[in-house]
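Colleague: Here is how the chains run, residue by residue.
Number of protein chains: 2
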Amino acid sequence: MTAFGPITGDPLDRNRFPIDEWALVETRFEPSDLGVTETLFAVGNGYLGLRGNYEEARDAYADGTFVNGFHETWPIHHAEEAFGLARVGQTMVNAPDPKIIRLYIDDEPLELSTADLLDYQRVLDFRTGVLSRDLVWRTTSGKRVRVRSRRMTSFTERHLGVMQLEVTLLEGNAAVQLSSQLVNRQDRDVRSEQVEPAQGTIADPRKAEQFGRRVLQPQYKDLDEDAGRIALGYQTVDSGMTIGVVVDHHLDSPVPYRTEGRVEDDQGKLIYQIRAEEGHTIRLTKLVSVHTATRVPARELIDRCERTLDRANEDGVEAQFEAQREWLDAFWERSDVELPRQPDLQQATRWNLFALTQATARADGLGIPAKGVSAAGYGGHYFWDAEIYAMPFSTYTTPNATRNALRFRYSLLPAARRRAVDLSQKGALFPWRTINGNEASAYYAAGTAQYHIDADIAYAVSQYVGATGDLDFLVREGVDILVETARLWADIGFWRQENGSSSFHIHGVTGPDEYTTVVNDNLYTNVLARFNLRRAADAVTEVRESQPDAYDEVVRRTGLREEEIAEWREAAAGMHVPYDAKVGIHPQDSRFLDREMWDLEHTSADVRPLLLHHHPLVIYRFQVLKQADVVLAQFLQSEEFTTQEKRADFEYYDPITTGDSSLSAVVQSIIAAEVGYHELALQYFYEAAFVDLADRHANAADGVHVASTGGVWSALVCGFGGFRDHGAGRWHFDPRLPAGWDELSFRLTMRGTRIRVTVTSDALTAIVEDGEGEVTFSVRDTEVTAAPGRPVEVPLDGQGARIEGRPPNPAGTLRADGTVISATVPGR
Amino acid sequence: MTAFGPITGDPLDRNRFPIDEWALVETRFEPSDLGVTETLFAVGNGYLGLRGNYEEARDAYADGTFVNGFHETWPIHHAEEAFGLARVGQTMVNAPDPKIIRLYIDDEPLELSTADLLDYQRVLDFRTGVLSRDLVWRTTSGKRVRVRSRRMTSFTERHLGVMQLEVTLLEGNAAVQLSSQLVNRQDRDVRSEQVEPAQGTIADPRKAEQFGRRVLQPQYKDLDEDAGRIALGYQTVDSGMTIGVVVDHHLDSPVPYRTEGRVEDDQGKLIYQIRAEEGHTIRLTKLVSVHTATRVPARELIDRCERTLDRANEDGVEAQFEAQREWLDAFWERSDVELPRQPDLQQATRWNLFALTQATARADGLGIPAKGVSAAGYGGHYFWDAEIYAMPFSTYTTPNATRNALRFRYSLLPAARRRAVDLSQKGALFPWRTINGNEASAYYAAGTAQYHIDADIAYAVSQYVGATGDLDFLVREGVDILVETARLWADIGFWRQENGSSSFHIHGVTGPDEYTTVVNDNLYTNVLARFNLRRAADAVTEVRESQPDAYDEVVRRTGLREEEIAEWREAAAGMHVPYDAKVGIHPQDSRFLDREMWDLEHTSADVRPLLLHHHPLVIYRFQVLKQADVVLAQFLQSEEFTTQEKRADFEYYDPITTGDSSLSAVVQSIIAAEVGYHELALQYFYEAAFVDLADRHANAADGVHVASTGGVWSALVCGFGGFRDHGAGRWHFDPRLPAGWDELSFRLTMRGTRIRVTVTSDALTAIVEDGEGEVTFSVRDTEVTAAPGRPVEVPLDGQGARIEGRPPNPAGTLRADGTVISATVPGR
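Heads up: the sequence lines are chains G and V, in that order. Read left to right, the first sequence gives residues 1 to 828 (our numbering). Read left to right, the second sequence gives residues 1 to 828 (our numbering).
Just chain G, with the same shape it has in the complex (with noise of 0.2 Å):
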């Protein structure tokens, strides 16, 4: 393994983190990367979330309390002006931040960085949904005092969060005093505009951007002392967006204590002292709500919030420590992938879905931001990551969390049919990047151009019509996206006759690999359009035959031609699809092969990821991948391609492919399991899998990588599992269980009905675990079905080819004609 390859093992500290395959564990205070912890012990449900920062609030790298959805505009200033270049900036805000409890032991504060600490432990529980923290302090006069935390983000409660601080005084009496905050923190993001990235550096561009003005304007503040209410109410200077926080207190003591508080605009504050004595266990309650909206006045979220703490109260707390227990035992009974005898590896795929399910339970009618809700990286934006990583998950284990996140999506029609126009299109483009539905992606060439969103997004909802079988939603929504996309591919690609044939093309686009840009036919996009146009063909036409007058609505809503239908069939029957065979693979792109090729090999790791150390010109000049394009388009696409196909194309794209994108590793694993390089595809697995609880991109700090999150699943399923769905439910799965693996299982939901699935070496063994329906598959060339009662058991001899090692660099040596593509190392 190089610096730059894949990780072949476990890269955690097991003494700092001890392996628990149902939770995250942390022993030590570790000031150095707090940045990192704060991401890890993140909770959050998909709408709010918390970082994991201290109670204290004194030991951070970035105060953070995020609501999904919740951003800011602004208008882009571009350093130089063309039409049609993305005008509204949209930022995720960082929201009044509730956890804040700081603690005085005889008006010494509790500092971790400078604490004496004779435990600490702290702990993110995947079942409960709690993360706890539990530590013995040992004062400066000598005293000794536990102190405990919970805190959760509620999954059935989506606007509620709980926090707890417990305080017990192990030895000597003291004067406790608790000071819980509300905050609003939102002057931290004021940067100055003097600061200007040091000489040969450049301000990371995947980081949020970051507000010069204030942001949030004061509409509301309230403290009922009594009550230990605080309330606080704000609105965004130019998105005009409002939002509601309110806290609630409830102190527990054996002792009578002292209340005070105040409340300002940016803050509220409750100070409870006590004077306990030795033995006491002081608790104290923090029930928060959060409500936001675009149109509804501060004063009225605050009444939601109001609403929704009363109920939580009426409950009481530990009914809601138990109902997060209870929605989670419910998660991992349908959505577990369980890895006997693999505790790092089970513990690290836990925490993976884990985040995932953090960052989009209750997103409910909103997108999935690609750092979910655990930080403000690429300004709280939803991607393609929602629908190509993120959604197979839900779709296969959650459904419902699928429909509304493609709800979400056909709500952005409207806009999506407006850039379109911008673009000189027929049909609806969506946004490379957005919140609001307009396109954010301020650096057209690695963001609008990336025309293939469409198609992601046409992919995500034919996969989940074709696994739930829910007809109603491709009726009402899902047709007029595939028709709209399917639209886009028709009017921007052309026909071109060559050598007496005539074929589709797609020019000036940029598929997934963002180190080439604005490229023709690039295959990802071409083969993905493809399957868009076919798709909204076929969806169209069964609609018009099985629901006359539920197409008249399409027609009615989209304008739809008949002959639109036999174009798009059309266009995708004739669209090109390069191949070179000279080479024997497909190139990313029509002149892919003709670029110079980078020398990874004898790169070094002070210049990498290359987009922070090259103008991109000198990146787009080489055959170099950020991340996985064709190989992707191979999996998505699975039976339009051999495996022989597939093997050339990852042989040759592996090497030259950086993993500079979080995207790329689970989609080599996935690839190389299929192909036959198992431990490749295992090391690919573990860097995926370690992406943040190893900050393998040095960027965790900046949030969860849920694409990443998603792609394990992906990986485990779809990879070592071997399952590919052709769609209309027609479901195959070919194992690749790793060496060394005892078993892999993992649940399965097709139309109302979950199976479980459990690979090992030699066979494949499937039993209904829930639903009433049968559920039909093939194992490699057998076709089985196994139905309540009626578990199937399909033998397997082996797990496909195995090639050892790893692909070498095809410079120099590829063409049999004396076609040679010399490697470089740029500005060597």
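Be careful, since some hints might not be right.
To spell it out: a stretch of chain V is covered by chain G in this simulated footprint if at least three of its residues, at any positions, have a beta carbon under 8 Å from a beta carbon of chain G; those stretches are [as the list claims (entries may be wrong)]: (1) 435–449; (2) 822–828.
Over the 12 Å line for every Cβ pair with chain V, so calculated as not near, a few chain G residues [unchecked claim]: (3) Asp10; (4) Glu111; (5) Arg146; (6) Glu171; (7) Ala175; (8) Tyr551.
These aren't lab readings, by the way, just hints derived from the structure by calculation. For glycine and all other residues, C-beta sits at the position ideal for the given N, C-alpha and C.
Let chain G serve as the given structure and place chain V on it in line with the hints.
Modeller: Positioned in the frame of chain G, the structure of chain V alone reads:
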């Protein structure tokens, strides 16, 4: 002619602008196009420019006073960051305005837009170099006043401007008040951040960047009322440049007068009050001096201004007007182009040559801004326009001006070396646009990616050295430019073997045509880079053989290694020049012919120019040109292509060239003439000659199209005159006199000897007008030598081939092998 074809004849309203072969004359005040006339009537000397604003400073599009190179810097904020993007914005600053002289008669102000004007004439005289205005005003009280003014920027004293206003009471006595001002108008530059372009429009990227803050910090102010002297000094906030402006006043009055003055940070003012009687003439003379610097305190610049003014005062103002006239007499003697009996084109030609010399004459050690000193369009930046469009005129008529301009480029070589490192390249990469030597192009695709600027500069160096024989410049400075630019090409290009043979390719660059960007093997770039590589190899070989000591110095300065010379020759010999045998043309880049074709014929006027109405991605997807690219290469490297090739290429590209760039028409005119499209050549020439005069691009208000003014000279001399300089003194003429023209004559200076060349329909004659040397050249196949007292006459048999009309759009009809490119109008 369509709305967007070239014009076919004189487009000016000759009632308003009557023809005068030696002046631009305007006969009425017209408020509707003040921006255009401010540009047309601007005066400048290449250093100091005064827009054609009226003295009253009330009716104006933009009050402008510009000093070449006087700029503010600012950090470029990219909407999305990437490594190596331009960081330092540079914008020419509107300098303090000395032009204002307000006239009040009996306290009634003269305001042109409301005044009752009995007579009005404004004249920019190309022989005297003076802008004058003469009007008769009837005041509301019925008095008649004659107001005459003169204004010039001196060609002999580059820091000096002269203004006069003369008032004569034609009827009635009156109280005359003159208020002369010097105003720092910078606060007009402050743009409200709230002003965003209207929906569906964009801020024109060709206009100057405006500041949102104060730029000029007051450093000095003084008023000497008795001497009539006002002085203001400033320093820019970020670039730290300083400017001093001093104005002297002299009032001639037949009666005593009162004076009153004051000076503030941003304004100095002198007010003269005269109780004048009918018949009296009062004349106010203003002498203004401007000095700028990068490190000198403003106070010291004021001293310099005062010395300039003291000298001017000593000689008297009339001496300044005389010196101006003498300077221009000499200028026209060595530079004039005569078109007998073509008064409209004669006037337009002289306006262009006069505007060109106003933009360049006294730039001295500075660059040539795209708009000269007539306005701040394009931020006052220096582009390749200087080398390819402006310098040929000076190289062949005033070589010392080219020498200064190339020495300026040489001074930027250290910055260009650093820029190459930023772009992971060896050698030097000159910035696409700059004032201070740093890249200021914020949009790399149509900026930094235009690496061809390296070859353009090398081309100008070579042209200058060839025409002048100035080996001193070559050996001391020019060769360093050739070496470092050749190094860049050798490094950025790479060898590729294909079909058994090996060729040298340059990928990921943008050619002159900005309607396709970041392409592989752009023809212009490859052909000019080939020239650059060869020329560098030749130059260092020459120096090594003829001046071994000088060669050692070159090696010391540049680290030149022997083997590099061979490497350059090999790269040049192996340079890939795209040619498509099936279509029979040179594609603009490796994939140009694969693109869909834009149907310009059916593209309506309201979506033109294309760049202001289409997203770049849309434009880049098509075969459509902003400006000549292949065709320009065929002009600059004329010997490398056959006439047949030039004709085929011209016929292919001409119908798909929008001419949205003002750099295009002159080139199309030259090649149209060469290949036989005589009428079309003349139409393009009209288009170019009137680009500003008739505001053909609707942005003359933003300044003179300096490149086009230079191109007008090239179109006459190289297009109709058929002149080609094949380097090393090999001059050739193959005239193409337009039908209906009696005669065309022009001057060229070769190694100190000036010849006058006259082309008629049946002969070319040349006489030595100045100098002692002989000039040898060929006319078609005949080689001749002109010497002092020994003119030559070569008979001409016609004007070459003659093809009527315009070439048709090549869409749909091209390929014999069944390959068809379709033509489309995007968005329809």
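Colleague: Now look at each hint and say whether the structure bears it out.
Modeller: Hint check results:
no. : hint    : in the structure
1   : 435–449 : holds (count 8)
2   : 822–828 : holds (count 4)
3   : Asp10   : holds (33 Å)
4   : Glu111  : holds (35 Å)
5   : Arg146  : holds (47 Å)
6   : Glu171  : holds (54 Å)
7   : Ala175  : holds (51 Å)
8   : Tyr551  : holds (28 Å)
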